[in-house]
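Q: As a plain string of letters, each chain reads:
2 protein chains.
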Amino acid sequence: MHGIDRNTITDAVIASFDAAQDGRMKEVLGALVRHLHAFAREVELRPEEWRTGIAFLTRAAAITDAGRNEFVLTSDILGLTSLTDLLQSVPGATERSVLGPFHAEGSPELPVGADLARDNTGERVLVRGRVLDLEGRPVRNATIDFWQTNAEGLYWQQDPSQQSDNLRFRMALADDGVYAFTTVRPAPYTVPYDGPVGALLRAGGRHAWRPAHFHFRVLAQGFAPLTTEVFPDDDRYIDEDAVFGVRASLAVPFVKCDSASEAAKYSLPSPFSRVEFDFRMSAAR
Amino acid sequence: MHGIDRNTITDAVIASFDAAQDGRMKEVLGALVRHLHAFAREVELRPEEWRTGIAFLTRAAAITDAGRNEFVLTSDILGLTSLTDLLQSVPGATERSVLGPFHAEGSPELPVGADLARDNTGERVLVRGRVLDLEGRPVRNATIDFWQTNAEGLYWQQDPSQQSDNLRFRMALADDGVYAFTTVRPAPYTVPYDGPVGALLRAGGRHAWRPAHFHFRVLAQGFAPLTTEVFPDDDRYIDEDAVFGVRASLAVPFVKCDSASEAAKYSLPSPFSRVEFDFRMSAAR
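Just so you know, the protein sequences line up as chains A and B, in that order. In terms of the working numbering, the first sequence is residues 41 to 325. In terms of the working numbering, the second sequence is residues 41 to 325.
The shape of chain A in the complex, shown without the other chains (with noise of 0.2 Å):
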């Protein structure tokens, strides 16, 4: 008897991998193949279904290319990146974030304490802190990859009236792990809605903004690499990222400070804001 059945195909497809060299390859198909099917049985997929998701897929590759990729986007939107990072989660460690798709390398290099605001409007803040390890000792020769958008909730790559490279900076720590720089509030901004994933996000019922954050990437030799976000806690989209980024421990206020001295340390206007953010770092794996 030949031929395959609904009580059949799923084992079917599974047993199919089973000459697979790599025997992780073979369990994460095997599972994905076990979950995508369970999906299709448990909603009862319909044909017409079937297709628009093929459709979604193929207008996605229309539109993505080497500088959108409406995949990784789609991913973001239905909270698996998310759920990868959180699963990357080290007890005690900095919990991780979204590296999204405006981290570049060759950011310049800028000594601790700089002024990243310039020519920059919008409310003027302190950020610092320190790299640590996971029992709070300075993780040496650390540097902080750091990227943000404008008080308009637009990167440099986003807006040609800004200078190339701005508001992003590649910081090399001392022994003391300790970071500091200035900067400008960062902006809620959408993430792209003009392609199907907007299309879908349009018609689940959602918004495409995301909350103002801060990026970083955190690197050191000997830990595990940190890519993370900052997001000030009474932003607007805090509670509903349009890709699930916001973690309990990453929303930190933005404090009202009026001390002359740090105001003239700095070279802010008084008053400012801080933001203070320690991160710590797991052993790399």
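These aren't lab readings, by the way, just hints derived from the structure by calculation. Any given hint could be a false lead.
Simulated restraints on C-beta separations [as the list claims (entries may be wrong)]:
(1) Ala78/A to Asp105/B: 49 to 57 Å
(2) Arg64/A to Asp216/B: 54 to 62 Å
(3) Gly193/A to Asp58/B: 40 to 48 Å
A few chain B positions that, by computed beta-carbon distances, are all more than 10 Å from chain A [unchecked claim]:
(4) Asp62
(5) Leu72
(6) Pro87
(7) Phe142
(8) Leu156
(9) Asn160
(10) Gly162
(11) Ala191
(12) Arg210
(13) Glu280
(14) Gly285
(15) Ser299
(16) Ala304
(17) Leu308
(18) Arg314
Some residues of chain A that are not near chain B, with every Cβ distance over 10 Å (derived) [to be verified]:
(19) Gly132
(20) Ala133
(21) Glu149
(22) Arg158
(23) Asp159
(24) Gly162
(25) Ser204
(26) Val218
(27) Thr230
(28) Arg257
(29) Arg287
(30) Val315
(31) Ser322
Computed from a predicted model, the values in this text were never measured in an experiment. The beta carbon of each residue, even a glycine, is placed where N, CA and C say it ideally should be.
Here the structure of chain A is known, so what remains is to put chain B in place on it, guided by the hints.
A: Relative to the frame of chain A, chain B by itself:
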């Protein structure tokens, strides 16, 4: 307390679609998110594996065009296309199988009993049967859309040496529901394996072969359109179709015949092969 953690993210993503107008869409998206997250949790999906998945989709996007859809092929080789067909099964009706990429409108019209083989080489086959309803009564005014490969496993669209429209037809049936035609035996062929699906098949220890088949699309007023395939039950790949399209009821004998009268009636050499297959149509939904 703002933010998402690994225990709350799945419910948060599902809840984000609460305002969707379309209840069915909400149901399908909710189930998709739940199963997708369950997959990631079960295998503890690693960031590099997530990137592998994104790279797969991005490569699939790059190779997809008007004539080729790597997302459909991905669905095919993971059995999702066939599962969707199987979920549509109506007891007593002919089982469905994948449409595939080689169906096109505009087939030449042929009368019942016509010869499709013409100058094609290969084993000559008489195919005949009836289009019936679930009670076994002839379906009136049915049409059959038919397409197959030649004896080298190629459709005319793939092979400049074949005449346009080779080995395909549209046939309008009389009130008795009888169809018949003569042709050549089709051959196994591979699904495209020069893209990411091919790489996945190779990494998974799988081949890209489909067993030979006749492809039918049967239409009649008042009945659900039926797309299916009929396979020679002795095909080398009958138990290992790369797209899981074989059903026990669709694998049929190619019976060797030496009836001189039948050979004469259909202008066939003797012996020839005979395939008898009745279609059972379910009511339109």
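Q: Report holds if the minimum CB distance from Asp62/B to chain A is greater than 10 Å, and violated otherwise.
A: Asp62/B not clear of chain A: closest Cβ-Cβ about 7 Å, inside 10 Å.
Q: Going by Cβ atoms, does Arg210/B stay more than 10 Å from chain A at every point?
A: holds, 22 Å
Q: Evaluate the condition: distance from the CB of Arg158/A to the nearest CB of chain B exceeds 10 Å.
A: Holds: least Cβ distance 31 Å, greater than 10 Å.
Q: May I ask you to check that Leu72/B keeps its beta-carbon over 10 Å from the closest beta-carbon of chain A?
A: violated, 6 Å
Q: Going by Cβ atoms, does Leu156/B stay more than 10 Å from chain A at every point?
A: holds, 25 Å
Q: Determine whether the Cβ-Cβ distance between Arg64/A and Asp216/B falls within the hinted range of 54 to 62 Å.
A: holds, 58 Å
Q: Would you assess whether Glu280/B, listed as outside the interface, keeps its beta-carbon beyond 10 Å of every beta-carbon in chain A?
A: Contrary to the label, Glu280/B does not stay out of reach of chain A, its closest Cβ about 8 Å off (not over 10 Å).
Q: A cut-off of 10 Å on Cβ-Cβ distance, and Gly162/B was said to be off the interface with chain A. Does that hold?
A: holds, 22 Å
Q: Measuring Cβ to Cβ, find out whether Gly162/A lies farther than 10 Å from everything in chain B.
A: Consistent with the label, Gly162/A stays out of reach of chain B, its closest Cβ about 22 Å off (over 10 Å).
Q: Check the non-interface label on Ser204/A: least C-beta distance to chain B beyond 10 Å or not.
A: Nearest chain B Cβ is 27 Å from Ser204/A, so the label holds.
Q: Run the C-beta distances from Glu149/A to all of chain B and say if the shortest one exceeds 10 Å.
A: holds, 27 Å
Q: Could you check that no beta carbon of chain B comes within 10 Å of the beta carbon of Thr230/A?
A: holds, 15 Å
Checked against the numbered hints given earlier, this structure breaks hints 1, 3, 4, 5, 6, 13, 14, 29; the rest are met.
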